[in-house]
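Participant: Sequence:
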Amino acid sequence: MLGSSIFLDWKTWAIGMWIAATHFYFPTPSPNLASQFDALIETFSSSLSPLATLLNLNLDKLIWATTNVALLEISFWSTILLFYLFDHLKLFPKYKLHEGTPDPKMVRECLTDVLLGHLLVRPILLYFSMPLFANDGWLLGSNIPNFLTIMKQLFCCIMVDDTVFYWVHRGFHHSAIYKHIHKQHHAFKAPIALATEYSHPIEDFSNTLATVLGPLLMGSHSIVFYLYTTLKLVQSLDAHSSYNLPFSPFSIIETMDCAPAHDFHHTHNTGNFGGWFIFWDWLCGTDQRYSLHLEKNKTNPAYFNVTKSVKQAL
1 MLGSSIFLDW KTWAIGMWIA ATHFYFPTPS PNLASQFDAL IETFSSSLSP
51 LATLLNLNLD KLIWATTNVA LLEISFWSTI LLFYLFDHLK LFPKYKLHEG
101 TPDPKMVREC LTDVLLGHLL VRPILLYFSM PLFANDGWLL GSNIPNFLTI
151 MKQLFCCIMV DDTVFYWVHR GFHHSAIYKH IHKQHHAFKA PIALATEYSH
201 PIEDFSNTLA TVLGPLLMGS HSIVFYLYTT LKLVQSLDAH SSYNLPFSPF
251 SIIETMDCAP AHDFHHTHNT GNFGGWFIFW DWLCGTDQRY SLHLEKNKTN
301 PAYFNVTKSV KQAL
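full-length UniProt numbering puts the first residue of the sequence shown at 1, with every later residue one more than the last.
In short, the hints are calculated from the structure, not lab data. Wrong hints could be hidden among the right ones.
What the hints assert, rightly or not - With a straight-line cut-off of 27 Å between C-alpha atoms, the simulated DSSO-like cross-links for lysine-lysine are:
1) LYS105 - LYS90
2) LYS296 - LYS96
3) LYS105 - LYS183
4) LYS189 - LYS94
5) LYS298 - LYS189
6) LYS105 - LYS189
7) LYS96 - LYS183
8) LYS189 - LYS90
9) LYS90 - LYS296
Start from the sequences and build out the full structure, keeping to the hints where you can.
Facilitator: Next comes the structure, spelled out in structure tokens:
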């Protein structure tokens with residue numbers, strides 16, 4: 001029954017209570033924090049002003065784009081390096097979902113594709129999408145939202161993203177579409193973190209749209225946008241890593257699309273279409289094979305946080 005869904009999971013309630021309680025202690029950002037933020041932006045503005053003039057770009061938009069790219073690149077490559085070290089140094093083998101290493105040729109091909117996307121496709125897409133972010137909510141300034149507003153908007157972003165991602169992703173698995181678009185991403189039967197962004201340009205665009213749609217609809221402040229896009233990126237890398245680590249924040253809630261759930265999607269090429277949760281899979285009946293898979297892996301230490309079937313967890 002839906003009454004026993006994730007909304008009654010004690011960990012979900014605990015997180016919600018923590019957010020609510022924290023609001024009483026941090027109702028609004030302090031004036032000092034706002035002034036420090038303004039000073040930082042002023043310094044950043046002066047250094048980017050010549051580049052904005054050269055490119056004939058609005059300075060605020062250039063700051064927004066530069067900050068976003070910097071955060072995502074640092075988050076992406078540092079997380080990739082972390083999981084590479086786990087593999088190379090054979091750390092946490094107990095929590096690795098697959099033995100062995102991927103084909104080096106495939107990894108090189110994947111790396112080339114990812115670098116091309118980061119160095120060419122992403123900057124072009126960002127440049128032409130800037131007009132979408134023209135409203136005041138996206139401009140950097142001292143009107144930083146309070147903590148509760150940020151958490152509410154992050155939650156809404158997750159819900160919007162998960163819904164859009166589920167249906168688009170499920171559509172990509174249609175027999176008439178799969179081989180033309182989504183097949184590239186499934187080249188890695190046992191995924192690695194780097195393969196998170198190994199995908200067709202159309203899929204890249206749809207994934208990006210699902211991520212930014214929530215902040216766009218709410219006219220979120222840039223702070224919310226930066227937080228959410230970075231959070232989503234790291235969550236996706238974790239889901240593709242083939243490591244289900246007990247200290248991962250994405251392993252807290254049993255019904256999240258954590259590493260075991262998304263790993264099953266790659267190895268079996270079915271089910272678990274969501275980006276954040278497996279709620280839509282349960283609701284639409286695309287979870288049955290994953291439930292059986294969990295039953296078979298009850299004693300596997302790498303499945304420590306998902307020992308129940310999807311139906312039991314929900």
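Participant: Regarding the pair LYS298 and LYS189, is the alpha-carbon distance no greater than 27 Å?
Facilitator: holds, 22 Å
Participant: Does LYS189 lie within 27 Å of LYS105 when you go C-alpha to C-alpha?
Facilitator: holds, 15 Å
Participant: Would the hint linking LYS189 and LYS90 be met if the CA-CA limit is 27 Å?
Facilitator: Holds. LYS189 to LYS90 sits at ~20 Å (cutoff 27 Å).
Participant: Next pair to validate is LYS105 with LYS183; report whether the Cα-Cα distance is within 27 Å.
Facilitator: Distance ~18 Å between LYS105 and LYS183 Cα, so the pair holds.
Participant: For LYS90 and LYS296, compute the direct alpha-carbon distance and say whether it is at most 27 Å.
Facilitator: holds, 25 Å
Participant: Quickly compare the C-alpha distance for LYS96 and LYS183 to 27 Å and report which way the hint goes.
Facilitator: holds, 24 Å
Participant: Assess, step by step, whether the Cα of LYS189 is no farther than 27 Å from the Cα of LYS94, and give holds or violated.
Facilitator: holds, 20 Å
Participant: What's the verdict on LYS105 and LYS90, does the C-alpha distance respect the 27 Å limit or exceed it?
Facilitator: holds, 21 Å
Participant: With a cut-off of 27 Å on the C-alpha distance, tell me whether LYS296 and LYS96 pass.
Facilitator: It holds: about 17 Å lies between the C-alpha atoms, which stays within 27 Å.
Hint violations for this structure: none, all hints satisfied.
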